[in-house]
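Enquirer: Below, each chain spelled out in residue letters.
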Amino acid sequence: MSDGLIHLRVNGQPVAVPEGTNVAAAVARVSTGFRRSVHGEPRAPLCGMGACFECRVRVDGHANVRACMTPARAGMQVQTDD
Amino acid sequence: MTERYDVLVVGAGPAGLAAAQAAASHGRRVGVIDAQARPGGQFWRHDIAKAPTRAAQAAITAIDRVELLAGHTVIASEGQTLRTESAHGAHDLEYGALVLATGARELLLPFPGWTLPGVTGAGGLQALVKQGWPIAGKRVVVAGSGPLLLAAADSLRAHGAQVLGIYEQASARALAAFTAQLWRWPARAMQALSLRTRLAGVPYRSGSHVRAAFGDDTLEAIEITGPHGVRRVACDHLAVGYGLVPDTGLPRLLGCALQDNARHPGVRVDAFGHTSVANVFAAGEACGIGGLAVARIEGAIAGHAAAGDDASAAALLPRRTRARRFSGLLACSFALDPRLHALATPQTVVCRCEDVPLGALDDFSDTRAARLASRCGMGACQGRICGSALAELGRFMPATGRRPPLFPARLDSLAASAGDRSLTTDC
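If you're matching them up, the sequences are chains A and B in order.
Quick note on my numbering: the first sequence kicks off at 1 and runs consecutively.
Quick note on my numbering: the second sequence kicks off at 1001 and runs consecutively.
Hints listed in this document are in silico derivations from the structure and should not be mistaken for laboratory results.
Some hints here could point you the wrong way.
[As the list claims (entries may be wrong)] Now the stretches of chain A that chain B is said to cover, found in silico as 3 or more residues with beta-carbon under 8 Å: (1) 18-24; (2) 34-46.
[Unchecked claim] Below, a sample of chain B positions facing chain A; criterion: calculated Cβ distance under 10 Å: (3) Thr1073; (4) Ala1087; (5) Gly1123; (6) Leu1219; (7) Gln1382.
None of the values given here were measured: they were computed from a predicted structure.
Glycine included, each C-beta is placed from N, C-alpha and C at the ideal position.
Please build the complete structure, drawing on both the sequences and the hints.
Expert: Next up, the structure:
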């Protein structure tokens, strides 16, 4: 696209974000929860720097990808665990 | 395939960039590994809405002769070779000398409600916002301890957040003593002054901490304890961090000794940055929290020493001594109020990966027994968050050793070393 934005999908919904945005920021536009804990509680990013693994999501079929460490790319399919 | 570097640096923050530049100035082949997609580390993290500062730009362009391996996470080590994983698979990087500039992480302490979406670290939310996290118009409370709170609040405001207040746990007296000493570090004093000026209008309260967060599926309100009692504040985000702790995961994997008698020990080094392991150096926050000036000068010292030029390293030692004095001031000024150790109840989850409540650890004095019985620290983060928290709470001794994989890794990244037990244990 020529609008200078990156177009991807989060839980099937189209999201457009500026260059340099990470997947966590793209997910936050669609969902407050990123994953479910072992007891089913909603969880979302905590540390913002790749240490806590609370932001892990599924990206293009790959499970357990840290959203905060992954740059958003055109055409990505991101799925939260909600 | 194995790439060989004369000097390999882990971490592309201020210390790592300085080390790489110093080592490369001696004509060595130098590589810098960083898990993030861009260089700069946490301090100089790229902000999508802002041009880099001149210092950050200068440090990044100064490594034009260095090979930057961005998006590489170190997962294992064998001899003088590190195995990393990137989007392109596994890589083996052999080194003559290694400089560990692994930096710091935020100290995050458990309290009722801290697992709710909307509760993040203070530096944590700052990092997220710099990479596009939608914060404009959101009500944010910044809390915890240390100078990072001001920097975080400043970034959040610049991105349009409505910062309701900054709550520092240190007492007014401790802060006054800190400010009275700050003139001895003019650059830090100027930085603090300009932050406070930019944050004019945002309440800054000392002797105050968040004791609980509330909400159903997401944060709705918090309770703050201060000198004048308890108060409830409705907010969308709570950015709470209790300062920084050295990130020693990789140093421990390599067998580097840590400092004695510290709650959050850094890597033990001599003045030139030598660790207890031959050909392995460390610099900056990994050796104890000291801030930007310490990181840059120690990085340069370790870089020169790793390239074999002890004379250039020695010339920088007086500056290091001066910069390191600031670490002591930070540690005593922002020492944590013991009440923070009592915020988590027996029902409060302490290990977020495995949902282990603090009370489940009550019958254990030994880390290993507690882990085996409760699964505390056995999840995806491998104890990175709960380990530091429990060390701060005085529950367990800080970890010393470390087993691979350092981060959860794809099986095929580890499989290339099948048959080599040092790389495949514990996966």
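Enquirer: Within the segment 34-46 of chain A, is the number of residues with a Cβ closer than 8 Å to a Cβ of chain B three or more?
Expert: holds (count 10)
Enquirer: With a C-beta cutoff of 8 Å, work out whether three or more residues of the segment 18-24 of chain A approach chain B closely enough for the coverage to hold.
Expert: holds (count 6)
Enquirer: Given a cut of 10 Å on the nearest C-beta pair, is the interface hint for Ala1087 (chain B) held or broken against chain A?
Expert: Holds: closest Cβ of chain A sits about 9 Å from Ala1087 (chain B), inside 10 Å.
Enquirer: Would you check whether Gly1123 (chain B) satisfies its interface hint, that is, whether its CB is within less than 10 Å of any CB in chain A?
Expert: 7 Å, holds
Enquirer: Using 10 Å as the Cβ threshold, decide whether Gln1382 (chain B) counts as touching chain A.
Expert: Check passed: Cβ of Gln1382 (chain B) comes within 9 Å of chain A, closer than 10 Å.
Enquirer: Restraint: Leu1219 (chain B) near chain A, CB-CB cut 10 Å. Satisfied or not?
Expert: 9 Å, holds
Enquirer: Does the nearest C-beta of chain A fall within a distance shorter than 10 Å of the C-beta of Thr1073 (chain B)?
Expert: Since chain A brings a Cβ to about 8 Å from Thr1073 (chain B), closer than 10 Å, the hint holds.
Going through the hint list in order, the structure satisfies each hint without exception.
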